[in-house]
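Student: The lines below spell out each chain.
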Amino acid sequence: MDWISILENSARAGVGKDAIVFALAAIGLNVHFGYTGLLNFGQAGFLAIGAYGTAITVTYFDQSIWLGFFVAILAAVVLALLLGVPTLRLRADYLAIVTIAGSEIIRLCVRSVTFGEYTGGSTGLNSFADGFYEVNPLQGGPYGFGPWRYSADTMWWILVGWSLVALSTLLVFALVRSPWGRVLKSIREDEDAARSLGKNVFSYKMQALVLGGVIGSLGGIVNAISTRAVQPDNFSTTITFFAYTALILGGAARTFGPILGAVIFWVLLAFTDSLLREMNRENLLPEAIISGTQIGQVRFMLVGLGLALLMVFRPQGITGDRRELELDAR
Amino acid sequence: MPADALAAVRAEPGVAKPDPILVVDEVTRRFGGLTAVDVDHLEVQRGMITALIGPNGAGKTTFFNLLTGFDAPDSGRWQFDGQDMSGLAAHRVARQGMVRTFQLTKALAKLSVLENMKLGATGQRGERFFSALLPFRWRAQEQAIEERADTLLARFKMDHMRDEFAGALSGGQRKLLEMARALMVEPAMVMLDEPMAGVNPALTQSLLGHVKDLRDKEGRTVVFVEHDMDVVCDISDWVIVMAEGRIIAEGTPNDIGANPLVIDAYLGTHHDAPLTFDEEEVALAEDAELIALEIDEDDEP
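The listed protein sequences correspond, in order, to chains L and R.
Under the working numbering, think of the first position of the first sequence as 12, with each following residue one higher.
Under the working numbering, think of the first position of the second sequence as 668, with each following residue one higher.
What the hints contain is simulated information worked out from the structure, not anything from laboratory work.
There's no promise every hint is true.
[Said to hold, decoys possible] Simulated crosslink set (DSSO-like; lysine-lysine; CA at most 30 angstroms straight-line):
| # | chain 1 | residue 1 | chain 2 | residue 2 |
| --- | --- | --- | --- | --- |
| 1 | R | K777 | L | K196 |
| 2 | R | K684 | R | K824 |
| 3 | R | K824 | L | K196 |
| 4 | R | K777 | R | K824 |
| 5 | R | K879 | R | K824 |
| 6 | R | K684 | R | K884 |
[Said to hold, decoys possible] A short list of chain R residues far from chain L (calculated; beta carbon distances all over 12 angstroms):
| # | residue |
| --- | --- |
| 7 | D692 |
| 8 | N723 |
| 9 | G834 |
Where a beta carbon is used, it is the ideal one built from N, C-alpha and C, also for glycine.
Chain L on its own, in the form it takes in the complex:
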């Protein structure tokens, strides 16, 4: 078996597109769910808005991609306001229902024939990202070391992507350590208590929803520029659940929880995938148990099993504090 290639694949997955996109999505969810207790099940919608906001500005309105980024973030703010105004006064479950519906509405709209003129329907949009690569200061290549050797263009979006992850983490870190973050956490613990102490709970929930949504939309932007394409089916609800998995795996309400979770999640997926493929190639796996075409699904089962075990033995996630979790049992 080619262990080197298995490990190299895994190592690359840890810094690749998916790790970045899901780290950003999970950092956003961490603001919603981890710190404020908002059950946003529509993070995929924010990613879609980020990706399509950028792409449509360039392809349909023929503007620069930099304006596209701005439009995408603005659209994410508007989406958060639209979702929040009717639901944030209600119990948390309603937000979950509305957000999951909202994200599906966005996906179905962008893949519909009706809006195909703007969104490219089910095929999506491409060739909008050139503006981003024109300003690439890196030339030639390859860059990097060991298993991480990339062309100049790949290195460029990886650097930008991880910079966004770092900036978002820093921003959230600074905010949750401030009195502002204290109010968010108090809302998570008991919003009536926060209200009785003079805090405008609705306004803080809205601010949290907007902040987390904008960070999620950055994930969509990175997805769009790294693949140089947007496709509606890349923004199904699975995205949201993977992002939640990453968040809980790493540890909710922890600074580095979402990043660690996203990296580990994709490393594990790549590792099981490569391992199974290698085993299949060497005929170590009887066809009766797993055929080559089933590997893609089986790896999710294995990772799911691993996550279930993690929840049994380390329910607070990798960076979490068990002491905090035990307080819930009281």
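Given the structure of chain L, go ahead and fit chain R onto it with the hints provided.
Tutor: Leaving out everything else, chain R in the frame of chain L:
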């Protein structure tokens, strides 16, 4: 003595007080066919401890919820410190200086005791989104808030718990924390919903002491819901009795103990109907006749 201020006030429902901080008019709240609260007029004297008592289901907590903005009335108005407060959102009510605690304590479990306290301070610059990113804009204020929180914690003898998670506190300590946290808002009036419920007797005395201090040392107005009549008689200057959503009696603790309406509300109306030996004989004879009649009816096919 402030208690003298109420000495001349007649003990009857809805009576006017010399210096009311809270004036309530015609507040009603219905849940379907049930009228939970129906208060015609009520005044609460400033700087006094007023107890709100009544049997279970009398509407005390609903009345609290209405006044503090946690529930909306079907009709009615009320003024706090001369300002119209009807229909104001809960957080605005708190900022106006009327702060409540809850029957089921709401300690913020995953925040430390100190953070619970600091949350109570109002007008924090660091609670605004963009200021929060600039620590130099709120560091000094945060320092001052922390000092105030530490002073209060020391007064409530909770300073040794300051860095514990609030979720690790006992039930009684949570009650203390909630009261101390409410004081961080610097309210003119504190509304305590069953502050002694579930607190062990030793801690009850210390809680009572703290409630008295609110009035005596800080000049705050206190309204509290309580079931234990010993506690009510011990600390309150004035007692309001609710039953079936209405205020049925008001007065000093002594007036209330002697009020037959209050005893009726708690024990039911006919509990003390006079029943002499002769009357009982008559009643028994009537019952016997009725039973005999029923037996006769059963015999006829």
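Student: Next step is simple, just say for each hint if it's right about the structure.
Tutor: Now for the hints, and whether the structure bears them out:
As the CA atoms of R:K777 and L:K196 are separated by approximately 8 angstroms, the hinted pair is consistent with the 30 angstroms bound. For the hint pairing R:K684 with R:K824, the CA-to-CA distance comes to about 35 angstroms; that exceeds 30 angstroms, so the pair is violated. With a C-alpha separation of about 25 angstroms, the suggested pair R:K824 and L:K196 falls inside the 30 angstroms cut-off, and the hint holds. Using a Cα cut-off of 30 angstroms, the hinted pair R:K777 and R:K824 holds, with the two alpha carbons roughly 21 angstroms apart.
With a CA separation close to 16 angstroms, the supplied pair R:K879 and R:K824 stays within the 30 angstroms bound. Straight-line distance between C-alpha atoms of R:K684 and R:K884 comes to about 22 angstroms, which keeps the hinted pair within the 30 angstroms bound. No Cβ of chain L comes within 12 angstroms of the Cβ of R:D692; the nearest lies about 24 angstroms off, and the non-interface call holds. With a least beta-carbon separation of about 22 angstroms from chain L, R:N723 lies farther than 12 angstroms from that chain, consistent with its non-interface assignment.
Its closest Cβ contact with chain L, about 3 angstroms, brings R:G834 to no more than 12 angstroms, contrary to its assignment away from the interface.
Hints 2 and 9 from the earlier list are contradicted by this structure; the remaining hints agree with it.
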